[in-house]
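Both chains come to you apart, so use the hints to assemble them.
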Amino acid sequence: MSLLSIAGVSKRFGGIVANQGISFDVAPGELVGIIGPNGAGKSTLFEIITGFYHPDEGVVSLDGARLTGLSPDAICRRGVARTFQKLRPFQGLTVLDNVMVGALTRTRDVRHARERARELVGKVGLAEKAEAHARTLSTGQRKRLELARALATEPRVLLLDEVTGGVDQRTIPELVQLVRDLHAGGLTVLVIEHNMRVITAVAQRIVALQLGEVIADGPPDQVTRDRRVVEAYLGLAYTQ
Amino acid sequence: MKAVAPAAVVFVCAGLAPLVVHDAFLLDSLVLILIWGSAAAAWNVAGGYAGQISLGHSAFFGIGAYAAGLVVTRWELSPWLGLAVGALVAMAIGLVVGYLSNRLRGPYFVLATIAFSQVLLIVGSRWRGFTSGSEGIPVPFRPGFWTLGIADKRVWVWITLALAVLAYLLQLYLDRSRRGYQLVAVREDEDAALSLGVPARWLKVAAICASAALTAACGALWAQYIGFVDPFYVFSVDLSVKFALAAIIGGLGTALGPFLGAALITTVETYLRAQFGGIGTRLIGIYLIVYGCALIVMVRWVPHGLVGWIGERLRRRVTARAET
Ligand SMILES: Nc1ncnc2c1ncn2[C@@H]1O[C@H](COP(=O)(O)OP(=O)(O)OP(=O)(O)O)[C@@H](O)[C@H]1O
Ligand SMILES: [Mg+2]
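Note that the protein sequences, when read in sequence, are chains A and B.
With this note's numbering applied, the first sequence covers 1 to 240.
With this note's numbering applied, the second sequence covers 1 to 324.
Here chain B stands alone, though its shape is the one from the complex (with noise of 0.2 Å):
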């Protein structure tokens, strides 16, 4: 599942579709699902490729979309300043995680990111004076690109789209370089992997710092893009487990799984919100339940995902056609 071609379609179709599509509603749901899809491909660097299950992800995301948003408003600077500044910030926490990984193996790592992010839910909700505490910061809209002060989606999509594509290519990486080879055997056991001279514990920093640095850009221009930051919804274990989940979804550990995962839980989720969004509070919430359903069946039944099972029915179908 290391062939390029199907994800060269795949991106160049998005890059394509705004020509063809001007329906403002499909426009933005493809926007959605090139930022998510990005943040799944990011949370793969820690989660798939590197084996360490985060699922306070969202920590790098808020600190991305919070770091674009007081750019802009405490400082009236570029929000492409803000994403850098997010990036720096995110991987710089993405060292104190990484020390942590080595440190607290399987479910203890995963209890620490989560506790992690929610501290940082707690700092941004809390911090009046700097972060506007729980009311949170709408995004001012500047036009210009410097400013990323777009009203044009099909700009949108080709900004997410660049992201999207830097995102699948750090994985591309991982599936052929020297770095990405020791990097899963790490995953797959980590003494073994030491006992053949690979620098493990070097190399889960490297890797969460990197997946950090991009789930910051994500949250960066996720925020320009919806013009308001609440830190309720950055800093959310639900965001964490939408990243996670889609990685998972599309298959853990391939560079093109995050997207198609993304892409089916964006769609899901619209469509949940536009059934259900209208009786109320009650049923407002089913998309987590979806989430839970989602991933007991792929984990059971399908566990090298999305991508796993369209190589395996591909390859039978050549298989069978080379038998006859």
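This is chain A alone, in the form it adopts within the complex (with noise of 0.2 Å):
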């Protein structure tokens, strides 16, 4: 029984080939990470699933209804929402406005939203700039900010880009600490992460991509002994 199923997404940008014939099922309430080198195609995979991009070949489903050829926004409402590697907050809205239009997606009422937003945006540990403007914020913060804009939508699937990216060493464990507490709490997660203590520390599972291709999909401590894995990654620490 799986919750998301990608099945054999492919997408080229002229001659670079971002995403190779990417297959797998993630289960609900599984949280998966996904590694790979810069370039290898993890964030395309994100835009594909959330309809920002459109692949060349395969096709996402959710829940045995395919996504793939919806826009962005429908993807939303059928429950997958995702942060962006490259944040963006809305910058000139207070913290509360940036979660209610999360909010908003999912209640018609914009007080039922704004209160939704507040439970939210202290969830995230944000209670306090709740008033702030969203410019004004750290990049742990804003981190939060999306995060939390992203949870306002009640998705079943989150996908996050990123989570301890830019963020300053004492701010990553309690980020982690929130990504564990959301997978407690039932919600299917896929992480892309740099870090691989941290993806080693929150994920069941480990799907590691390189130039586009899956090269390993299992449990944390196989992949990271996977003989290509280290390869990649070494290979990574060489050429640096």
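Treat the hints with care, since some could be wrong.
[Stated by the list, open to error] So the derived list for chain A, only partly shown, Cβ under 7 Å to chain B, looks like this:
| id | residue |
| --- | --- |
| 1 | Pro-72 |
| 2 | Cys-76 |
| 3 | Arg-77 |
| 4 | Arg-78 |
| 5 | Gly-79 |
| 6 | Arg-82 |
| 7 | Leu-87 |
| 8 | Gly-102 |
| 9 | Leu-104 |
| 10 | Thr-153 |
[To be verified] Non-contacting residues of chain A with respect to chain B, defined by C-beta distances greater than 12 Å in every case (computed):
| id | residue |
| --- | --- |
| 11 | Ala-74 |
| 12 | Ala-103 |
| 13 | Ala-150 |
| 14 | Thr-200 |
| 15 | Leu-211 |
| 16 | Pro-220 |
It should be emphasised that the hints constitute simulated quantities derived from the structure, not laboratory data.
Here the structure is a predicted model, which is why all the values come from computation and not from measurement.
Glycine included, every Cβ here is placed at the ideal spot set by N, Cα and C.
Set out below in structure tokens:
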């Protein structure tokens, strides 16, 4: 029984193969980590799942219903929410209003949406910043904001692109704990993450990509010991 | 800045003014301020709230003016009907412009809107058989409310005030409603809004259509009030710039701002015309220079417009008082 199914997804940009025949299923309540060196095609896969890019081949479906071909807003309403690797808060709006936009996808009542937003702002630890404009937030706070905003749409599947990237060391554990709590609450989560210690600590399963292809898929201890994964990362280390 | 009280005061004062003021010049200025304010508010719905900056809104204004003028002269029907026809035609064209807004972003959209208004200018000034071409249309004065043949400027104040209140209420709706929040999200970041389930494309089209219809209503009333439709005026880029500028000066995306901006612009324009109008045509375009300078000053130093500026002052005063 899978909730999210990715079947044979390919995407090329001119000569660059960003995704090549990617297939894997995500079970309800699973927390899947996606790893891979820079340019492996992780974000591209998220863009395809959420309808921002159209795949050249392949289909993504949620609970058996096809998502591919729907617009991003329709996909969100079906229950897939995401954060952006390059953060995109609504700069000119307050933290609360940012989150309200998400909540208004599920309720027509503005007051109800505000209450819901306030709850979520508290949940991600931004209560004190509720009335601050998004542009005044630090990177870590913006990540929390995007998380709260995505949660406000009441997703069945949450896609997080880089939870800890660019965040200072001290706030990493808090963000990790947040993701853990969400997962413990029954949410299905896909996390792209560069920090190996983080990913092995939270994920039940890891999918590794390289040059657009899945090179490993399994439990963290197995994937991190996989020869191709080690090479992909060591190769990266050598070239850098 | 979402309090209604300041706007209520402004509109009540405007409504009571004709009871106190009898000077025709002042009443005339008030009518024009209300029309330009409504047009700026209509522009603000698309440009300020939805972030779809257009410099072709004179297209909609002209359509309203022509619809009212033609319905009266060609078919001898009520200009109110002309207003409705104009609003509907403008909405239909708004659909096209809305579609463009989903294809073109930023400066490309702005250029497309300018081109749009200029195409209509050519149609209006060349289609002699229908629009009377570049001669324009004199709108006959047929006394009565139904025919909008009203000599009493006080009545015009009340009619245009109703239009202004309608435009204000539309913006107030955007300030407070679900759709308004979503529209502002689209303005701030369309992709982020999409990712949160906001039907961005549909909302932009709806905002532009509403803006177009309201702008056309302004054009229809203006044509009846002035009594003449000149294609080179109603479809001009100057006019589009005026709507945009009034909204920017007053405060983009604020409900009262466009009316304050229009009041300022109309006053300055009237003053300049009185000062330089007699000297000859050489200085007649001076208001364009003033527009340009005003735009630079506002964007550089008062980005949130008069409403933002006044709001900031008040807030400071309140906190200063709280501290002492
Ligand atoms: N819109 C685009 N146009 C052209 N090329 C693109 C586009 N988006 C991604 N690519 C290319 O596709 C490849 C995969 O990019 P992607 O962003 O998916 O990688 P990633 O795994 O998320 O990398 P990172 O870890 O750096 O975020 C890269 O070579 C990238 O340059
Ligand atoms: Mg990426």
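A quick look at each hint next to the structure:
no.	hint	result
1	Pro-72	holds, 4 Å
2	Cys-76	holds, 4 Å
3	Arg-77	holds, 5 Å
4	Arg-78	violated, 9 Å
5	Gly-79	violated, 10 Å
6	Arg-82	holds, 6 Å
7	Leu-87	violated, 9 Å
8	Gly-102	holds, 5 Å
9	Leu-104	holds, 5 Å
10	Thr-153	holds, 5 Å
11	Ala-74	violated, 8 Å
12	Ala-103	violated, 9 Å
13	Ala-150	violated, 7 Å
14	Thr-200	holds, 28 Å
15	Leu-211	holds, 26 Å
16	Pro-220	holds, 28 Å
When held up to the earlier numbered hints, the structure conflicts with 4, 5, 7, 11, 12, 13 and fits the remainder.
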